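Those protein sequences? They're chains A and B, same order as listed.
When we follow my numbering, the leftmost residue of the first sequence carries the number 1, and every step to the right adds one.
When we follow my numbering, the leftmost residue of the second sequence carries the number 1001, and every step to the right adds one.
Simulated from the structure, these hints should not be mistaken for laboratory data.
For clarity, every value in this text was computed on a predicted model and none was experimentally measured.
For glycine and all other residues, C-beta sits at the position ideal for the given N, C-alpha and C.
Honestly, I wouldn't trust all of these hints.
Taking CB as the label site, the calculated pair distances span [claimed, not checked]:
#1 234/A x 1039/B: 43 to 51 Å
#2 1040/B x 312/A: 45 to 53 Å
#3 3/A x 1044/B: 25 to 33 Å
#4 3/A x 1030/B: 19 to 27 Å
#5 1050/B x 347/A: 50 to 58 Å
#6 1071/B x 92/A: 54 to 62 Å
#7 1060/B x 238/A: 28 to 36 Å
#8 316/A x 1033/B: 45 to 53 Å
#9 1084/B x 230/A: 52 to 60 Å
#10 1084/B x 207/A: 44 to 52 Å
#11 412/A x 1056/B: 48 to 56 Å
Just so you have them, the derived chain A footprint on chain B, three or more residues with Cβ under 8 Å [unchecked claim]:
#12 1031 to 1044
#13 1057 to 1068
#14 1071 to 1085
Far from chain B by the CB rule (all over 10 Å, computed), these chain A residues [claimed, not checked]:
#15 39
#16 297
#17 351
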Amino acid sequence: MINRDYIMETIGMVEKNKFDIRTITMGISLLDCASEDGKRSRQKIYDKITKKSEHLVKTVEAVEKEYGIPIINKRISVTPISIIAGSSGDSSYVEYAKILDLAAEAVGIDFLGGFSALVHKGFTKGDEILIHSIPEALAVTKKVCSSVNVANSKVGINMDAVKIMGDIIKHTAYLTREKDSLGCAKLVIFANSVEDNPFMAGAFHGVGEYETSLSVGVSGPGVVKAALEGVRGESFDVVSEVIKKTAFKITRAGELLVKEVSRRLNVPFNIMDLSLAPTPEIGDSVARILEEMGLERCGTHGTTAALALLNDAVKKGGIMASSHVGGLSGAFIPVSEDEGMIEAVKKGAITLDKLEAMTCVCSVGLDMIAVPGDTSASTLSAIIADECAIGVINNKSTAVRIIPVYGKGIGEEAEFGGLLGRAPIMAVNKFSSEAFIKRGGRIPAPVHSFKN
Amino acid sequence: MNFKNLRAFELAFLYEGGFMKAIVTIIGEDKVGIIARTSSVLSEANVNILDINQTVMREYFTMIMLVDIQKMNVSIDKLNEQLNEAGKDLGLSIRVQREDIFKKMHEI
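Extracted from the complex, chain A is given alone in its bound form:
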């Protein structure tokens, strides 16, 4: 008979501490769906997605029930559409986004990622068309998510792309102004994006990937917080150990479930992404873990060190538990999706500058941050450039998902609903970066030696 404490601990994690598998994401290659005729290409895309993921939702739900561990989202990631649509003669790819949305709706998944372009060095014709289609695509679809990789450690930062993305964010905010500029919540700008990330909005299925595969994103900030409550006042050696062990357990659960889904669907298991991803619910917050370590409020001095320890310990526990850890693995620090973070902003404990510092040690970047609607495109671009610099120099993924909420200013709040939550609008620096962003060109790849 299995140790009863193990059983009670697992049940407690789900019941009390909101442990869940955040997402099972099916990656589908669309490389064979390119066609000179856009209409034909879209038909192939629709047919392929709906055929490959036909049984996804049903199977995931069955496994969820057998194990008694909730799996919150079922998602799909596809090959970056700029690569596929580039073969067609179309001058806008909005129709591609619409067909992806239809396919997502047909198979009953929550989100579909891959309306993406990789432009860290330069643009192809397809990349340019795709990027300019983003605002409308995000305004007319519900489930489609978009990402653009504008920098990486090997080639530097494409500042032309950084400049354009400022404008694209502004335009997306305007087109979705009725819903607090919700479109921007479905758009991520990356440095060092990864090809196997199951989390949205940045998921896409890279060209080096399988025909189809399954990746899983495991969450569980509440579980880590609860475990740390048991070691109050103990040293950081103990804290790190507790986080590692907890991360191990939740990773193992995720791996077991995804392998079962993979076996039933006969689709290879790709990677486990162990990311502490908060939700706006009480008891599911990363900020509260940092506070549990002894900070009065998330954002005060010491927050970066606390987050560094958390992020590292989570990775270590996850890597021990599964041979195939990938994606973004670490701790996410979105503002609107984290109840503790929202409160920290409201109390004035955390600013955009501190968040930027935290992104040096967290798993991704500036995430789900609402700023005033009148923030200029060049300021948004400059924020992206700063994040890219952090990622490129430190060899890590960084990203920006920022929402200049149309018509709103400091002191107001944007409401996105569901897992996306709500965000108090944060101040940006009032001085201009216009002339800096106007230069364009490329910031060269950094030297990765002589580290200091």
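Given the coordinates of chain A, work out where chain B should sit on it, guided by the hints.
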């Protein structure tokens, strides 16, 4: 359940390693008839009880049953529903989960 894509060793693992076993947990206030009601649901589903372990901690009754579901005549989903229903009548929570999750999460 579709076994046609399984390799022999995977099948062996499933039988030996526990897929055919599940854990039923009952948590709530102690009262008359908990075991009777639960085991009647299990027996109707042709589920064999292999081991029972129970304690009462601070008025809270917790019982863990190891059960064999190899010859079960309903789906695990359906069994869960029936147990939930019994749990509701008794005012406690009853659930069934595959056994391997507990091993996998807590053992290296």
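Taking the hints in turn, this is what the structure says about them:
no. : hint                       : verdict
1   : 234/A x 1039/B: 43 to 51 Å : 44 Å, holds
2   : 1040/B x 312/A: 45 to 53 Å : 51 Å, holds
3   : 3/A x 1044/B: 25 to 33 Å   : 29 Å, holds
4   : 3/A x 1030/B: 19 to 27 Å   : 22 Å, holds
5   : 1050/B x 347/A: 50 to 58 Å : 54 Å, holds
6   : 1071/B x 92/A: 54 to 62 Å  : 59 Å, holds
7   : 1060/B x 238/A: 28 to 36 Å : 29 Å, holds
8   : 316/A x 1033/B: 45 to 53 Å : 48 Å, holds
9   : 1084/B x 230/A: 52 to 60 Å : 31 Å, violated
10  : 1084/B x 207/A: 44 to 52 Å : 46 Å, holds
11  : 412/A x 1056/B: 48 to 56 Å : 53 Å, holds
12  : 1031 to 1044               : violated (count 0)
13  : 1057 to 1068               : holds (count 3)
14  : 1071 to 1085               : holds (count 3)
15  : 39                         : 36 Å, holds
16  : 297                        : 33 Å, holds
17  : 351                        : 39 Å, holds
Checked against the numbered hints above, the structure breaks hints 9, 12 and satisfies the rest.
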